[in-house]
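Chains as they are written, first to last, in this note's numbering: chain W, 1 to 131; chain B, 1 to 179.
Derived from the structure by calculation, the hints contain no laboratory data.
Quick caveat, the model's predicted, so the values are computed rather than measured.
Heads up, a few of these hints could be off.
Below, in silico cross-link-like pairs of lysine to any residue (SDA-like), each with a Cα-Cα straight-line distance of 20 Å or less [what the hints assert, rightly or not]:
#1 W:LYS60 / B:GLY103
#2 W:LYS60 / B:LYS55
#3 B:LYS55 / B:ARG99
#4 W:LYS113 / W:VAL126
#5 W:LYS3 / B:ARG99
#6 W:LYS3 / B:LEU154
#7 B:LYS94 / B:LEU154
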Amino acid sequence: MAKMTLEQLRKLREEKKGDMVKRDVEGKSVQIIVGMGTCGIAAGAKQSFDEIVKAVDEYKLSGDVIIRQTGCMGLCHVEPTVEVVMPGMPATIYGRVDAATARDIVVKHVVGKTLVENHIYDRPAVDIVKK
Amino acid sequence: MHFAVCDFLLDLVQNSVEAGATNVGIDVVESGGSIEAAVEDDGKGMDERELERAKDPFYTDGTKHARRKVGLGLPFLIQAAEQAGGDFRISSRKGVGTRVSFGFPADGVDTPPMGDLPGLFLSAMCFEGDYELVIRRRAPARGVDYEIRRSEILEAVGPLDDASALVSVREFLASQEAP
Chain W
1 MAKMTLEQLR KLREEKKGDM VKRDVEGKSV QIIVGMGTCG IAAGAKQSFD EIVKAVDEYK
61 LSGDVIIRQT GCMGLCHVEP TVEVVMPGMP ATIYGRVDAA TARDIVVKHV VGKTLVENHI
121 YDRPAVDIVK K
Chain B
1 MHFAVCDFLL DLVQNSVEAG ATNVGIDVVE SGGSIEAAVE DDGKGMDERE LERAKDPFYT
61 DGTKHARRKV GLGLPFLIQA AEQAGGDFRI SSRKGVGTRV SFGFPADGVD TPPMGDLPGL
121 FLSAMCFEGD YELVIRRRAP ARGVDYEIRR SEILEAVGPL DDASALVSVR EFLASQEAP
């Protein structure tokens, strides 16, 4: 693989834009947020982030989906954590999201509009919130 | 504990962004039998007392999560460097910024693997906020020597919250590691 120039990067980006299927004229409506604090990184959040990017690109959802990183969301005990906010689905925080689960989140939650079972968490750890 | 050198670096960059930095520098150099890396920022910085506390795993400033009692980012790195016969340095000035640097022997049995450098650089650019990130990377033995700025990547591909932009940038970053 030869070293790419910024010009080549610009071209690649333009080509990829052509592939994109824009489903929502109102702008991007799905937000996927990956926790990338110490706890997330230690648990492999970078791999989950990569898998989400890959899956969103493969399913040509770029026109609809915003992918972001944030710090610790307070769910250190079930990292990596991924929050999904989109119309027609409850805002959901998923925990223990390895690469396979990350792909499930894109395929089942974002595309299929079904929750990914056994990975749903919505509450910070007990040392952060009082019961 | 973090698995790879890249994980420690991403943690440091996340600290910098969270400290309100507008300029972050990241250096990764493999040369002369060692891995040397540094993250430098112009974030809020720490005074001497805060700096000492930042090295303590059972201390956090408590501003983000009021009841949390641990802060493991820097302590993980200090422990890993000590265990592997590497070194760790941190300097900071309140209101000016912070610089963290560390080194590992390249062939040390306890040296963590380098990890995924293109993935690290990509993630390091993807935090929210308007900050400049300057990546300086050298591995002379493999003919690798480049400098990349977040601003030029944003200028080339647009916002980095778009999967197809991220895929393109990852390919670009991976190609920079080619000999």
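Hints, one by one, checked against the model:
1. For the given pair, W:LYS60 sits about 41 Å from B:GLY103 by alpha-carbon distance, which is inconsistent with the 20 Å threshold.
2. For the given pair, W:LYS60 sits about 44 Å from B:LYS55 by alpha-carbon distance, which is inconsistent with the 20 Å threshold.
3. Under the criterion of a C-alpha separation no larger than 20 Å, the hint pairing B:LYS55 with B:ARG99 is consistent with the structure, at around 14 Å.
4. Simply put, W:LYS113 and W:VAL126 have alpha-carbon atoms about 30 Å apart, too far for the 20 Å limit, and the pair is violated.
5. Note on W:LYS3 and B:ARG99: the hinted pairing is violated, with a Cα-Cα distance of about 30 Å set against a maximum of 20 Å.
6. Annotation: proposed proximity of W:LYS3 to B:LEU154 holds, straight-line Cα distance about 19 Å (limit 20 Å).
7. Simply put, B:LYS94 and B:LEU154 have alpha-carbon atoms about 30 Å apart, too far for the 20 Å limit, and the pair is violated.
This entry does not satisfy hints 1, 2, 4, 5, 7, going by the numbered hints stated previously.
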